[in-house]
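*Asks:* Residue numbers (this note's numbering), protein chains in the order written: chain C, 775 to 1056; chain E, 775 to 1056; chain X, 5 to 319; chain B, 270 to 561; chain L, 211 to 512.
Where hints are given, some of them may not hold.
Ranges of calculated distance between the beta carbons of each label pair, as one might list FRET restraints [to be verified]:
1) D332/L / L89/X: 47 to 53 Å
2) G820/C / N200/X: 51 to 57 Å
3) P165/X / E860/E: 42 to 48 Å
With a straight-line Cα cutoff of 27 Å, these simulated BS3-like cross-link-like pairs (lysine-lysine) come out [unchecked claim]:
4) K512/L / K307/L
5) K456/B / K898/C
6) K456/B / K128/X
In case anyone wonders, no lab produced these hints; they're calculated from the structure.
In this text the structure is predicted, and so the values were computed from the model without any measurement.
Don't be surprised by glycine CBs; every beta carbon is placed ideally from N, CA and C.
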Amino acid sequence: MVELKNKMTNNENHINKSSSQFAGETNNATDKNSVFLTKNFNLWYGDHHALKDINLDIKENEVTAIIGPSGCGKSTYIKALNRMVELVPIVKTNGEINYRGRNILDSSYEVEELRTRVGMVFQKPNPFPKSIYDNIAYGPRIHGIKNKKILDEIVEKSLRGAAIWDEVKDRLNQNAYGLSGGQQQRICIARCLAIEPDVILMDEPTSALDPISTLKVEELVQELKDNYSIIIVTHNMQQAARISDKTAFFLNGEVVEFDNTDKIFSTPRDQRTEDYISGRFG
Amino acid sequence: MVELKNKMTNNENHINKSSSQFAGETNNATDKNSVFLTKNFNLWYGDHHALKDINLDIKENEVTAIIGPSGCGKSTYIKALNRMVELVPIVKTNGEINYRGRNILDSSYEVEELRTRVGMVFQKPNPFPKSIYDNIAYGPRIHGIKNKKILDEIVEKSLRGAAIWDEVKDRLNQNAYGLSGGQQQRICIARCLAIEPDVILMDEPTSALDPISTLKVEELVQELKDNYSIIIVTHNMQQAARISDKTAFFLNGEVVEFDNTDKIFSTPRDQRTEDYISGRFG
Amino acid sequence: MASQGLGREHSVQDLIAKSRDKKGKRFVEKLMPIVLVTIALISVLTTVGILFTLIFETFEFFQRVSITDYLFGTEWLPFSGSEPLFGVLPLVLGTLKIAVIAACVAVPLGIAAAIYLSEYATDKTRRIIKPVLEVLAGVPTIVYGFFALTFVTPMLQELIPSLKIFNALSPGIVVGIMILPMIASLSEDAMSSVPNSIREGALALGATKLEVSLKVVLPAALSGIIASVVLAVSRAIGETMIVSLAGGATPTFDLNVTGSIQTMTAYIVQVSSGDAGYGTTIYYSIYAVGFTLFIFTLIMNLLAQYISKRFREEY
Amino acid sequence: MKYLNDTTVMKRMKSRLTMNKVWKTIFLLATLLALLTLVILLVRIVSQGAAHLSLDFFNNFGSRFPEKAGIKAALIGSIYLMLIIAPVSMILGIGTAIYLEEYAKKNKFTDFIRMNISNLAGVPSIVFGLLGLTIFVRMLYLGKSLLAAGFTMSLLILPVIIVASQEAIRAVPKDQREASYGMGATKWQTIVRVVLPAAIPGILTGSILALSRAVGETAPLVVLGIPVILQFLPDGLLSQFTTLPLQLYDWAKRPQEEFQYVAAAGIIVLMVLLVIMNSIAIFIRNKFSKRY
Amino acid sequence: GSDETKETETGTEPATGSDAAEQGTAQLTGSVAGDGSSTVAPITEGLVEEYAAAQPDVQVSVGVSGTGGGFEKFIAGETDFSNASRPIKEEEAAKLKEAGIDYTEFQIAFDGLTVVVNPENDWATELTVDQLKQLWIEDGTTKKWSDIDPSWPDEEVVFYSPGTDSGTYDYFDEVILDGADLVKNATLSEDDNVLVQGVAGDKNAIGFFGYAYYTENQDKLTAVSVDGVAPTNETIESGEYTPLSRPLFVYAKNSALQENEAFYDFMKFTLENAGSMAEAVGYVKLPDELYQEGLTTLEGLK
Ligand SMILES: Nc1ncnc2c1ncn2[C@@H]1O[C@H](COP(=O)(O)OP(=O)(O)OP(=O)(O)O)[C@@H](O)[C@H]1O
Ligand SMILES: Nc1ncnc2c1ncn2[C@@H]1O[C@H](COP(=O)(O)OP(=O)(O)OP(=O)(O)O)[C@@H](O)[C@H]1O
Ligand SMILES: [Mg+2]
Ligand SMILES: [Mg+2]
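Same shape as in the complex, but just chain C:
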């Protein structure tokens, strides 16, 4: 944790332009690259305007937390980042989401390609009803990797990466459903690591887990940060404070505030943020 905070100091010497509301948009001065640069992004479910004019600049090798009351659009936003939100047929969008400089909303952008770069972990652990091995090998296999030796390597590395190798190495051929919830969730993270994504999106990955498992996943997120950019949605403000570098506060489909996590939790700029964080609502 100490190490983490040290790193973040780098980030803090950005200059707030007065014209801009959010810190994230403006820290061009830092040494980190943007992974997701969202510009004036809007999203509708049918007539329901779920995301309104979102502007966010998410940097690489950081943990960005998204918090906000239920229904504020957190899941919608994070799913927009890998275009999973398009699985809902009534969705319409406009604006830009640039992933490493390219607008993913462009019709020429293949979603499959995007999603191999941008992995996702879901709220409820959702392993496939297959063996642990097959779960992890799923991603590489669909992308055409058939070599058994390479697959073995990937599986081991991914499981180690998700800090679950020791627990399951003796039963790779057992069904993943035999594992506990917390283990399943780490299997899902490992599955996601297996295709070596650049960014990992996590939608309330611990909300279905017990405290011990939550702790493990939180630790894991801390570790992964060195190699991946992580965007995590959470209900749990303590969690956001514990593990994230930056925090975005969503309310009614808008970004109220986006800043370094310690700033948000110590001296939020917006009254609504303060109210929310202090538990005065939602």
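Assemble chains E, X, B and L with the ligands onto chain C, guided by the hints.
*Replies:* Relative to the frame of chain C, chains E, X, B and L with the ligands by itself:
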């Protein structure tokens, strides 16, 4: 909260017998009656010994919180109190659970009777797929109340009691599934109030809810305490600290510690309790 | 990027990039929806085929017999040498008699069995009884036909001396037995899919199992139950061999169930396994009757869909 | 004010509990009644037909002598017919189900297909016979062959298979698909590697039950004019053949009483065949019924 | 392997004389398809069974769609021959002509239409054609036995008849009803066994069906003598049992006889063996000259 603490002082002048581990067993000196007196209660799921020699004395008009890591037997215990645990066919029990002086495990004790006295609210809101009105009126109706006027009164009173009357009074005939999770949970509480139980069991009633709804339900629990005895299972230690008078800490099917909530959270007697509360595990 | 991280010998993303852009994958992706929609259209084509088959010959039939005589006539005497009469109502009535009797047997028993299986029986009992019931549904209908004729009818004759050897009662009951498992099984499915949490909610209020079943589970599963009943009755209407064997061949226009009747299906079998000449009015009449039968089941199904949509409960 | 006082509650409690017991018994009896019928049916058939069951019965073709009559042609014909129906109806059924569940947008056209399928499920089997006669036997010149009958029967059970497959596919949780898409899998990959493997037990169960219905069907084959009297086994897709139920129907209509017992023996064989198929379906269902 | 052995075995048990062996000179292949009357079916089945022994590589299949159903398929060109328990109807002949199908009619046996009563019935064992008419023709009244003869019981007559769509009914209609309607309260069934059951189970029952069904159930039924003649093989063959004996037919497609050697051979086999086969399965053979005539006609068509 201030009020609450005042009340609790009454309770604190009990004498700890050195032979007994738990405060709850010993406070004969207080003015409150026992609702549930559990003696040497054991429960097995098949071969799995899920509850081991439980001894607990739960008093009326208090909120008793049950905390402990996942799988420690919290739900099992609370479901034993209204014998819902018997829905699992492989369950075997021994020992005694006395509800207001009568052993509910006696074969002569009709579960239906017990459950009219002991209401229950579940983790996931589970309204019936009926109108809001029919949800609340269900209990009274099965007990033979047919008079429309009386039913109307009960429905209103219960919904008010569950602090949701104002939100739903204009749409009593709509399906309860149209409501948000938090509203559904309060409907379930209202449904439970409609049969005017003596005790209300709650199994993690807020864990599926967002913070705003959680807050509302917590406030509601505080209010209900005046008229009902409440036993609440929770994962959330903050919640236990916020709303309960007494707390029981379960671990691996045993009661490690049972005492006044502020005592448990300030100066726990058992090392394991302290470890758990301080987040060192579970 | 990510690959530098864990010090891999193989970079997965590189491997992926290498195998990407295989044309085949994208081609399959484009092709499959087309293949599948084509397959899905076969079911539509089947309906078109049925309509085409039926309408074509029915049209010929109505060249010879007036449509009003057919629809409103109460006498069905196609073989009468002197004056053949083609009033379909006796056949319709015969069909309805069977359907009603079958429903009277199968609906209460089927739903009762479904309630027992889904709400009272242990898992083990259910796992044994349900498949056995399905065997009952799988008994070939001609087996049932002989069962009705050689067992049920004589047995009923003991009780009702005036019962004729061919009657509506016996095949009606046996058709009911045949469709009973369908109702029991499908209703049980519908009731089992009502989440347990809802049951627990009711039990926790002190409800008995009966109250849970009748006031919570049954209403919640109503759409599924109605669907099962309608499907089953529709089968009863379309049932052929049982009624051909045990129902007789006398189209009558009365409400008597102890005497010989004829259903629409039985008439079709009678003619298609009989000696009526090809190209005669009688020959064309089976298509008119088949078409009537088709319309009948169609209306019933539409009605059922409408009802089950209106009563659908969300959970 | 208390609305529910203890005395009123307790007074009703007794009658409610009695009602519960009484109805439980009624429900049980209803279930047993259905089973009893099955037992009576089976006992009758076995007592009539068991004596005629012998190796010769399986090895002989039909004959005018009851003691020499066998089911060779009928049994083999039924099995061949199944071998045609199974792949045809399953490919069509699963394909349609995948289309409807995974690809179809919610619009008038797919609503129409759905409605059409549920209506088709209610069309009497004899009408399918008329369809098969017109389309396959006559228009497509398939004659009264295995292929014509196979296609007709496939269409007959198609709606059942579609509905069963749809249900099985729908039962695969959404999060399974999302997990796959989230890895960059294409739609077809997701269907083939995630959805179908999870749905296959349900699909198979439904299909086998539908197939067993096809095996027991008589009426459409009567309309197609499938022969009963033949002394050879089918030797190709366009070959003539006969089936068990047809053979039974023919025997049962014979003047000689002994043929009734031959028919009963045939029924035993048919029932055993169906029980085997059902058992396979049940085995699959119990073995793979994995809840997410 | 074992299958074929079995077939040969069946063949080595000639049931109807030794013609089969004589036939077996040239081994033929091919397939023959027939359909039609269920009354004729037992004879055909026996023939097919025997023929399979003589010519195991010829695939003969015969459906039982009824006379009308058989003709329908014959007209559609799906079959080579059609069994019929009545002569072809005008409409059918016209359709055949339309379809360009030339055919030849062959008689293969007699069926005696047998009127039967319950064995307990000792009053109506002999009836005249007129009495039959009185009994069976619908005249709006409820019929009692005493209506026919005052000395007979004053009880309602219960009627069982083959389905109005069967060849048997057609024939009965032709010779007894003469176009008038059958009594309305008659129980009709396509399945003659059911009629047997009905009459055997009711003292006041009367019914009629094919002679074969009577011969198989003689113990349960009493056959009625018509105009003093009881139905027996002899009276039917000799033509004494009138008007209730009728011929059974096979209609063969001429072009198939010419083009399909197997079919020609099968028809020849049929005509040579039909008589004995008919007797074996409960029908009555034609006078030998008629079979001879048939064979001559057949040869002419080759
Ligand atoms: N599939 C959908 N169709 C229509 N509206 C939707 C859909 N999914 C979400 N919405 C709506 O969009 C809004 C944002 O939903 P979203 O799921 O993003 O909220 P969230 O912040 O993730 O909430 P939670 O904390 O409860 O997960 C909500 O008002 C919701 O009702
Ligand atoms: N139906 C069941 N059959 C068998 N074992 C069960 C069943 N329900 C619970 N158990 C076991 O009993 C133990 C206690 O379970 P219980 O659900 O009471 O835990 P809990 O404290 O409520 O946990 P959580 O916080 O996850 O809800 C666990 O080990 C669990 O695996
Ligand atoms: Mg969300
Ligand atoms: Mg629990």
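*Asks:* Please list, smallest to largest, the hint numbers that this structure does not respect.
*Replies:* 1, 2, 3, 6
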